[in-house]
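Protein chains: 2
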Amino acid sequence: MTEDMWAAVPPGSPRRLLTAAVDAFAGVGYHGTSTRHIAAAAGMSAGALYVHYRTKADLLFQIALAVHESVLAALRDALAAAGGEGHAPRVRALVYAFAGWHARHHLAARVIQNELGALEPEHAERIAGLRRTVRALLRDEIRAGAAAGEFDVADVEGTARALASLAIDVCRWYRPEGPRTPEEIGALYAHLALRMLGTGNG
Amino acid sequence: MTEDMWAAVPPGSPRRLLTAAVDAFAGVGYHGTSTRHIAAAAGMSAGALYVHYRTKADLLFQIALAVHESVLAALRDALAAAGGEGHAPRVRALVYAFAGWHARHHLAARVIQNELGALEPEHAERIAGLRRTVRALLRDEIRAGAAAGEFDVADVEGTARALASLAIDVCRWYRPEGPRTPEEIGALYAHLALRMLGTGNG
DNA sequence: GTCTATATGCGGATAGAC
DNA sequence: GTCTATCCGCATATAGAC
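Residue numbers (my numbering), protein chains in the order written: chain A, 1 to 202; chain B, 1 to 202.
Note that these hints are calculated values from the structure, not bench results.
Copies of one chain are not kept apart here, so a pair can be met inside one copy or by any two copies together.
Below 20 Å or equal to it, Euclidean Cα-Cα: the simulated SDA-like pairs (lysine to any residue) are:
#1 Lys56 to Thr35
#2 Lys56 to Gly32
#3 Lys56 to Glu120
#4 Lys56 to Arg16
#5 Lys56 to His31
#6 Lys56 to Val28
#7 Lys56 to Trp6
#8 Lys56 to Glu122
#9 Lys56 to His37
With the hints as constraints, model all of the structure from the sequences given.
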């Protein structure tokens, strides 16, 4: 199901540079990372980087694009698999996929959560659109379940924000060597989410 | 109740530099901020900064200290006010205070959440201790309520982590011009927290 | 496509006058 | 305590050889 997040990036130097940049940005931030470091981690000289990416900012943008498309695909796959089984199972699938994705791809997720402000204005606008789409997916499911009387939610916007926030923040504290797998985290968070929505059977 | 977070910082230049640094770090990150910019925002030349702070890293450390002591004080005040009314009201008070604090002080909170990695090792250890104390406060309350049968929690550690994560992340999306006050966010999050704990009366 | 070398500017931090 | 001037290193990005 989850095909490689970097499938659209040409293998070889472009991809090695991109993944090296993800590691570096996740560790010390965009401004804390030098192009020299990225190039060295990808096994080449500083100058060679600019054959594949116009600027350091372009590198960040390419990461942001790939990452947001990956998370959108994961959410849509989850909804498609859930089908029309009712609102609770659909939200459960959404939160399970969303939280699990942020654990599995915690480094890439951390980059785009922490370094959005470093995007250049035109790049930022493109990314902001993708993010609105993600938030709308969650909010619309909650609104539909509340309208159907399946959820007990007084503040749909605020609760949707809280659910997204909770799942996204997984990428900031998750450690691969920790006690829980991404699937276990997804299951726990889906459970908590349904309780937050007042289904009573979370 | 919430006395000024910077009460321990001498007024005048030291405090102006500190608050200017908070604004700058929150906006473009620690590595994205120059000492020249901080000094200018505080109304002085670049060199004058070093009369009050040894290094840029020291500035970040002083911010981290003040901020963590402020949040600890807020949590302890909340617990003291809640008294022994039962576990649910105590957790409610804790989450209300924690989430509200992260809205009210979202800029300072963002700095210490995003830039912890920029602390120097010895500074980081000191701050890590304060953070453990905060997490323990929350976790112990949840554990006590679960042990008393007042909460229905299968995974105490994971749920405590989720609660803290949810409240902390407020500082990343909160905007003063948004539709909710810090108090409203605190109330919503306390409500959601009790539902997550399975009290049934959240 | 990769290398070495370099242009150019900005960063943190210090020195010394007032 | 603040200023101006400066040291020195590192960063992004480019040029030109291979």
